[in-house]
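> Sequence:
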Amino acid sequence: MDQQLRVFVTVAEMENFSRAAEKLHMTQPAVSQYIQTFERTMGTKLLERSNKYVRLNKAGEIVYHHAKEILGIYTKMNYLIDDLTNKTSGSISIGASYSYGEYVLPHVIKKMHEQYPLIIPTVTIGNTKEIAKLVRKHQLDVGIIEGEIEDNHLLIEPFAEDAMYVVASPKHRLSKRNGDMNLAELAEETWIVRENGSGTREITEKMFGSYGLVPKKTLEFGSTQLIKESVEAGLGISLLSWWAIRKECTIGTMKIIDVKQLPMKREFSVALRSPFKTKALNVFLELVKEDKVDHEL
Numbered sequence: 025m026d027q028q029l030r031v032f033v034t035v036a037e038m039e040n041f042s043r044a045a046e047k048l049h050m051t052q053p054a055v056s057q058y059i060q061t062f063e064r065t066m067g068t069k070l071l072e073r074s075n076k077y078v079r080l081n082k083a084g085e086i087v088y089h090h091a092k093e094i095l096g097i098y099t100k101m102n103y104l105i106d107d108l109t110n111k112t113s114g115s116i117s118i119g120a121s122y123s124y125g126e127y128v129l130p131h132v133i134k135k136m137h138e139q140y141p142l143i144i145p146t147v148t149i150g151n152t153k154e155i156a157k158l159v160r161k162h163q164l165d166v167g168i169i170e171g172e173i174e175d176n177h178l179l180i181e182p183f184a185e186d187a188m189y190v191v192a193s194p195k196h197r198l199s200k201r202n203g204d205m206n207l208a209e210l211a212e213e214t215w216i217v218r219e220n221g222s223g224t225r226e227i228t229e230k231m232f233g234s235y236g237l238v239p240k241k242t243l244e245f246g247s248t249q250l251i252k253e254s255v256e257a258g259l260g261i262s263l264l265s266w267w268a269i270r271k272e273c274t275i276g277t278m279k280i281i282d283v284k285q286l287p288m289k290r291e292f293s294v295a296l297r298s299p300f301k302t303k304a305l306n307v308f309l310e311l312v313k314e315d316k317v318d319h320e321l
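Position in the sequence shown (first residue = 1) + 24 = the numbering used here.
A hint or two may mislead.
[Claimed, not checked] 30 angstroms max Cα-Cα, derived DSS-like pairs, lysine-lysine: (1) K301 <-> K153; (2) K47 <-> K157; (3) K289 <-> K153; (4) K230 <-> K200; (5) K200 <-> K284; (6) K284 <-> K301; (7) K69 <-> K135; (8) K240 <-> K289; (9) K284 <-> K135; (10) K69 <-> K47; (11) K289 <-> K195; (12) K200 <-> K153; (13) K92 <-> K195; (14) K301 <-> K230; (15) K271 <-> K303; (16) K134 <-> K157; (17) K195 <-> K82; (18) K301 <-> K161; (19) K100 <-> K135; (20) K161 <-> K134; (21) K240 <-> K230; (22) K76 <-> K100; (23) K92 <-> K82; (24) K284 <-> K161.
Think of the hints as simulated: they come from the structure by calculation, not from any bench.
Note that the structure is predicted; figures quoted are calculated from it, not measured.
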């Protein structure tokens with residue numbers, strides 16, 4: 025059954041029997057036979073076929089959703105069994121929110137590759153809600169998320185604290201101010217914020233609400249890197265993680281604005297779907313917790 029699921033999922037994702045056969049290292053007739061047998065087993069058609077494409081129908085969408093979860097669980101089971109007798113190796117699928125994933129995770133991956141070259145990581149970057157959802161669906165082995173999140177289906181463990189600062193271009197008028205200022209003074213500025221679902225957006229909104237700050241103008245961007253480039257260009261100001269801005273602040277292309285109520289603090293957490301961990305996952309989690317010291321302010 026697991027091979028039928030793999031063939032079905034691959035055909036659904038490739039939307040083409042020939043491309044699926046190539047990816048699976050099978051012949052096209054063999055792929056077609058697997059799909060026909062699987063559809064008979066399920067008692068209904070799962071794919072709409074034409075000369076140009078193969079697409080999921082309503083029943084196919086339901087089966088695809090659960091097939092991804094089943095294959096994820098099956099893969100984890102095999103890794104756990106292999107771990108009983110073999111040395112640390114295998115694949116590990118990692119998800120991370122933008123602030124951690126873009127600015128800290130590469131250092132962790134580098135250390136893991138140097139110490140455990142047989143571990144093969146794949147990385148997905150997204151906002152906190154997206155990463156939590158993928159972990160919940162067994163499509164990621166582990167997620168690194170930011171801010172506060174409640175999910176009864178996930179095991180969430182904080183492992184590091186992050187400091188959030190208001191930053192601007194060195195040429196911005198606020199960068200030339202001496203001494204602390206109140207957040208309320210920044211209401212007339214253009215604020216560049218992340219999209220809804222982002223942990224950075226969550227703490228920005230929390231800051232606005234806590235101190236009664238109502239920005240006159242906001243711009244919403246879906247990438248921390250894009251926000252940083254925009255701040256450096258003088259488009260506006262933003263609340264960003266120290267981990268994300270430390271390099272720019274060191275070389276002087278971005279400046280932290282002295283605000284009495286800051287920095288804001290938040291936690292970074294590990295999110296898991298199951299308490300059972302492969303050796304590869306345990307190695308990664310240990311490195312994550314060790315590496316936090318190198319990135320503290």
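> Now tell me if each hint is right for this structure.
Quick rundown of the hints versus the structure:
1. For the suggested pair K301 and K153, the alpha carbons sit about 22 angstroms apart, so the restraint of at most 30 angstroms is met.
2. Taking the CA atoms of K47 and K157, the gap is near 27 angstroms; set against the 30 angstroms cutoff, the hint holds.
3. Simply put, K289 and K153 have alpha-carbon atoms about 19 angstroms apart, close enough for the 30 angstroms limit, and the pair holds.
4. As the CA atoms of K230 and K200 are separated by approximately 27 angstroms, the hinted pair is consistent with the 30 angstroms bound.
5. The straight-line distance between the Cα atoms of K200 and K284 is roughly 16 angstroms, inside the 30 angstroms bound, and the hint therefore holds.
6. A distance of roughly 43 angstroms separates the Cα atoms of K284 and K301; the hinted pair therefore is violated under the 30 angstroms criterion.
7. A distance of roughly 47 angstroms separates the Cα atoms of K69 and K135; the hinted pair therefore is violated under the 30 angstroms criterion.
8. For the hint pairing K240 with K289, the CA-to-CA distance comes to about 24 angstroms; that is within 30 angstroms, so the pair holds.
9. Among the hinted pairs, K284 with K135 is inconsistent with the structure: their alpha-carbon atoms are about 38 angstroms apart, more than 30 angstroms.
10. This hinted pair checks out: K69 and K47 have alpha carbons roughly 23 angstroms apart, not beyond 30 angstroms.
11. Pair hint K289 plus K195 holds up; C-alpha atoms about 27 angstroms apart against a cutoff of 30 angstroms.
12. For the suggested pair K200 and K153, the alpha carbons sit about 37 angstroms apart, so the restraint of at most 30 angstroms is broken.
13. Pair hint K92 plus K195 does not hold up; C-alpha atoms about 50 angstroms apart against a cutoff of 30 angstroms.
14. Proximity of K301 to K230 is assessed by CA-CA distance (about 34 angstroms); at most 30 angstroms being required, the pair is judged violated.
15. A distance of roughly 33 angstroms separates the Cα atoms of K271 and K303; the hinted pair therefore is violated under the 30 angstroms criterion.
16. Taking the CA atoms of K134 and K157, the gap is about 26 angstroms. The hint holds against a cut of 30 angstroms.
17. The straight-line distance between the Cα atoms of K195 and K82 is roughly 55 angstroms, outside the 30 angstroms bound, and the hint therefore fails.
18. Proximity of K301 to K161 is assessed by CA-CA distance (about 16 angstroms); at most 30 angstroms being required, the pair is judged to hold.
19. Taking the CA atoms of K100 and K135, the gap is near 23 angstroms; set against the 30 angstroms cutoff, the hint holds.
20. Taking the CA atoms of K161 and K134, the gap is near 27 angstroms; set against the 30 angstroms cutoff, the hint holds.
21. For the suggested pair K240 and K230, the alpha carbons sit about 17 angstroms apart, so the restraint of at most 30 angstroms is met.
22. At most 30 angstroms may separate the alpha-carbon atoms for a hinted pair to count; K76 and K100 exceed this at roughly 35 angstroms.
23. Taken as a hint, the K92 and K82 pair is honoured in the structure, with Cα atoms around 16 angstroms apart against an allowance of 30 angstroms.
24. Restraint check for K284 and K161: not satisfied, since their Cα atoms lie roughly 42 angstroms apart, outside the 30 angstroms limit.
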